[in-house]
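Enquirer: Given next are the chains, with one letter for each unit.
Protein chains: 2
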Amino acid sequence: MTINKQWVLASRPDGEARVENFRLVEAPVGKPADGELLIRNDYLSLDPYMRMRMNDTKSYTAPQALDQVMVGGTAGEVIESRNSQFAVGDRVVGMLGWQQYGISNGVGLRKVDISRVPLSAYLGVVGMPGVTAWWGTNGIIEPKAGETFVVSAASGAVGAVAGQLAKLKNCRVVGVAGGPEKCRAVIEEFGFDACVDYKAGRLQADLAAATPQGIDGYFDNVGGAVLDEVLARMNAFGRIAVCGLISGYSGEAMPINNFRSVLVNRLLVQGFIISEQPQAWAPALAELGELVATGGMRYRETVSKGIESAPQAFLGLLKGRNFGKQLVKLS
Amino acid sequence: MTINKQWVLASRPDGEARVENFRLVEAPVGKPADGELLIRNDYLSLDPYMRMRMNDTKSYTAPQALDQVMVGGTAGEVIESRNSQFAVGDRVVGMLGWQQYGISNGVGLRKVDISRVPLSAYLGVVGMPGVTAWWGTNGIIEPKAGETFVVSAASGAVGAVAGQLAKLKNCRVVGVAGGPEKCRAVIEEFGFDACVDYKAGRLQADLAAATPQGIDGYFDNVGGAVLDEVLARMNAFGRIAVCGLISGYSGEAMPINNFRSVLVNRLLVQGFIISEQPQAWAPALAELGELVATGGMRYRETVSKGIESAPQAFLGLLKGRNFGKQLVKLS
Numbered sequence: 001m002t003i004n005k006q007w008v009l010a011s012r013p014d015g016e017a018r019v020e021n022f023r024l025v026e027a028p029v030g031k032p033a034d035g036e037l038l039i040r041n042d043y044l045s046l047d048p049y050m051r052m053r054m055n056d057t058k059s060y061t062a063p064q065a066l067d068q069v070m071v072g073g074t075a076g077e078v079i080e081s082r083n084s085q086f087a088v089g090d091r092v093v094g095m096l097g098w099q100q101y102g103i104s105n106g107v108g109l110r111k112v113d114i115s116r117v118p119l120s121a122y123l124g125v126v127g128m129p130g131v132t133a134w135w136g137t138n139g140i141i142e143p144k145a146g147e148t149f150v151v152s153a154a155s156g157a158v159g160a161v162a163g164q165l166a167k168l169k170n171c172r173v174v175g176v177a178g179g180p181e182k183c184r185a186v187i188e189e190f191g192f193d194a195c196v197d198y199k200a201g202r203l204q205a206d207l208a209a210a211t212p213q214g215i216d217g218y219f220d221n222v223g224g225a226v227l228d229e230v231l232a233r234m235n236a237f238g239r240i241a242v243c244g245l246i247s248g249y250s251g252e253a254m255p256i257n258n259f260r261s262v263l264v265n266r267l268l269v270q271g272f273i274i275s276e277q278p279q280a281w282a283p284a285l286a287e288l289g290e291l292v293a294t295g296g297m298r299y300r301e302t303v304s305k306g307i308e309s310a311p312q313a314f315l316g317l318l319k320g321r322n323f324g325k326q327l328v329k330l331s
Numbered sequence: 001m002t003i004n005k006q007w008v009l010a011s012r013p014d015g016e017a018r019v020e021n022f023r024l025v026e027a028p029v030g031k032p033a034d035g036e037l038l039i040r041n042d043y044l045s046l047d048p049y050m051r052m053r054m055n056d057t058k059s060y061t062a063p064q065a066l067d068q069v070m071v072g073g074t075a076g077e078v079i080e081s082r083n084s085q086f087a088v089g090d091r092v093v094g095m096l097g098w099q100q101y102g103i104s105n106g107v108g109l110r111k112v113d114i115s116r117v118p119l120s121a122y123l124g125v126v127g128m129p130g131v132t133a134w135w136g137t138n139g140i141i142e143p144k145a146g147e148t149f150v151v152s153a154a155s156g157a158v159g160a161v162a163g164q165l166a167k168l169k170n171c172r173v174v175g176v177a178g179g180p181e182k183c184r185a186v187i188e189e190f191g192f193d194a195c196v197d198y199k200a201g202r203l204q205a206d207l208a209a210a211t212p213q214g215i216d217g218y219f220d221n222v223g224g225a226v227l228d229e230v231l232a233r234m235n236a237f238g239r240i241a242v243c244g245l246i247s248g249y250s251g252e253a254m255p256i257n258n259f260r261s262v263l264v265n266r267l268l269v270q271g272f273i274i275s276e277q278p279q280a281w282a283p284a285l286a287e288l289g290e291l292v293a294t295g296g297m298r299y300r301e302t303v304s305k306g307i308e309s310a311p312q313a314f315l316g317l318l319k320g321r322n323f324g325k326q327l328v329k330l331s
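Here the protein sequences line up with chains A and B, keeping their order.
Heads up: the first sequence at position 66 corresponds to 66 in this note's numbering, and the numbers run straight through without jumps.
Heads up: the second sequence at position 173 corresponds to 173 in this note's numbering, and the numbers run straight through without jumps.
Incorrect hints may appear among the rest.
Said to hold, decoys possible - Some chain A residues well away from chain B (every beta-carbon gap over 10 Å; in silico):
hint: 1; residue: Asn4
hint: 2; residue: Val29
hint: 3; residue: Asp56
hint: 4; residue: Gly146
hint: 5; residue: Ala209
hint: 6; residue: Val242
hint: 7; residue: Gly244
hint: 8; residue: Pro255
hint: 9; residue: Arg260
hint: 10; residue: Leu263
hint: 11; residue: Arg266
hint: 12; residue: Glu276
hint: 13; residue: Glu287
What the hints assert, rightly or not - Short derived list, chain A residues pointing at chain B, Cβ under 8 Å:
hint: 14; residue: Ile256
hint: 15; residue: Asn265
hint: 16; residue: Val269
It should be emphasised that the hints constitute simulated quantities derived from the structure, not laboratory data.
Even for Gly, the Cβ is constructed at its ideal location relative to N, Cα and C.
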């Protein structure tokens, strides 16, 4: 009998999440019923939104239930099928959670073609993070040639895509990232025009130097101090897509002192989550898949080995220790 | 020779504006050149935006120049015309500033019909404040029947109109105003469902009690603490029109602690100024004029007598001492 290792939520964090909030359990791999299929998960996606789910507070989705398998995106291979839509050997992307195997009835499962795009990329640049970047950039900010576009967590799975999409619109693109190594890669690998290292302790001055014409569009993944400094540099009719507030996911206070810029500069500020924008997925995935296949979009992955490593990798992601898309290789 | 009394900006405020920042001067009433007309200003409009103009800081318009006539909306009568578009006796609304007489070339001047709507109302409910309320409500917030709509400075020239427009959309309408007298009138005169007295010291609890279903739309005239408490009560997909931040016009800090609601509730936050929405004026003025003429829209005015009283009346407006539209009767 094959064993399925799973991570469940053992307890809710009090402040920062810790390894002890998770528990590894083992269960037999089940048998698919009629209409179902069994999938071996090759990759697990780790994403900041999971931290918010661990809290028992009102948010845009229900909290992660205690003692249940942690929610998460997965990419894998069908190894048994009793569903005519899927055949053994199909590569599929879904939300099967932090476990080695999963059973699905096919709903929400997406068959992917790995001949031109690697399987893992469907959890990143050609998956949920990529679509998130695409919608925030092209659906909300709508950057125009010559404008200055800033994105935080710029070396991350979402930020790197958002910045490259804005570059394709001929913007001046400025990233905000943590540390000189990430900043160097944001410029050299992803082609941004500049990158501000928020850990260098000169956020205000460095942001001003990198955005001499002010800021027209801001793709926000972090909130907090970066958002506040960006607000102070926004130009008239600027647009801010609020995609994540990772700086406050553990309950940290995030006072914003420059809110008056919203009025003074007649800003649009729009919070969004990509699962509520179904119209975005098909065009975004088509464009991003083509860009990746033809080399027009660069991406990086940080891959942690083995399901046992998932909690540590996740906590590292929350601390910004990853570079690009954080994955766990499960098999 | 007729004398034209004028208020000029004598100095920029350091913190709160004071009477000493203004200086009353006298000049001869000029003669209109070819294509120009001379207007006797019967009413001067006093509006919060003027406080922002007094500062020498970046905002959406150039600062008010020192030693020049203070900017301001006016309603009056043509007393001499060398412009074929206007005849002596025409009633006109324009931006002739804090003075008893003004000369105009007709650009930006609007002829008004006082047979069904009083002249003064064209500076309030059927003028700039009314159009502001109309656009923020119908153009940005788009309230739907059954939703909860909150407006701050609810007894003011903009707030009272916004709330009544939302009431026409069958919303639950809640005002925020200063003091029991204003709150009573907001309910009894303007027909709001409830009103929170922000001066009562129980803002959070009273707002919660008045909005048991949360808040879907917020028309913000004040910023600061009210905005922060409203953010904490916003429902998913809520909309906030940022029209004024009167609580911060004198440079007060306005920290916002509940910004995360923008993401959690996928809010739209839109700053605007009505002069940049030219498409709004004709439909708004038509609708508001009809509502006022037929008794479907209530309004209040606080009228100060004589041009000498303008600075005191203006400072009172900034302190919320007015009730409804603050005007100065000039003749």
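Enquirer: Indicate, hint by hint, whether the structure satisfies it.
Expert: Verification of the supplied hints:
With a closest Cβ-Cβ approach of about 33 Å to chain B, Asn4 of chain A is found to remain outside the 10 Å limit, as its non-interface label requires. Once the 10 Å rule is applied to beta carbons, Val29 of chain A is consistent with being away from chain B; the minimum gap is 37 Å. A cut-off of 10 Å between C-beta atoms confirms that Asp56 of chain A is not in contact with chain B; the least separation is 14 Å. With a least CB separation of 21 Å from chain B, Gly146 of chain A remains clear of the 10 Å interface cut-off, as annotated.
No beta-carbon of chain B is positioned within 10 Å of the beta-carbon of Ala209 of chain A; the least distance is around 19 Å. Annotated as non-interface, Val242 of chain A brings its C-beta within 10 Å of a C-beta of chain B; the closest such distance is 5 Å. At the 10 Å boundary, the C-beta of Gly244 of chain A falls inside the reach of chain B, the nearest C-beta of that chain being 7 Å off. Consistency note on Pro255 of chain A: stated as away from chain B, yet its beta-carbon is not over 10 Å from all of that chain's, at 4 Å minimum.
Some Cβ of chain B comes within 10 Å of the Cβ of Arg260 of chain A; the nearest lies about 5 Å off, and the non-interface call is violated. The claim that Leu263 of chain A is not at the interface with chain B is violated, since a C-beta of that chain comes within 10 Å of its own (minimum 4 Å). With 10 Å as the threshold on Cβ separation, the claim that Arg266 of chain A sits away from chain B is violated: the shortest Cβ distance comes to roughly 5 Å. For Glu276 of chain A, the shortest C-beta to C-beta distance to chain B comes to about 7 Å, within the 10 Å cut-off, and the non-interface label is violated.
Distance to chain B confirms Glu287 of chain A as a non-interface residue, since its nearest Cβ pair spans about 23 Å, more than 10 Å. Of the supplied interface hints, the one on Ile256 of chain A holds, with its beta-carbon coming within about 4 Å of a beta-carbon of chain B, less than 8 Å. Given the 8 Å rule on beta carbons, the hint for Asn265 of chain A holds: about 7 Å separates it from the nearest Cβ of chain B. Taking 8 Å as the C-beta cut-off, the interface hint given for Val269 of chain A holds, the closest approach to chain B being about 4 Å.
The earlier numbered hints that this structure contradicts are 6, 7, 8, 9, 10, 11 and 12.
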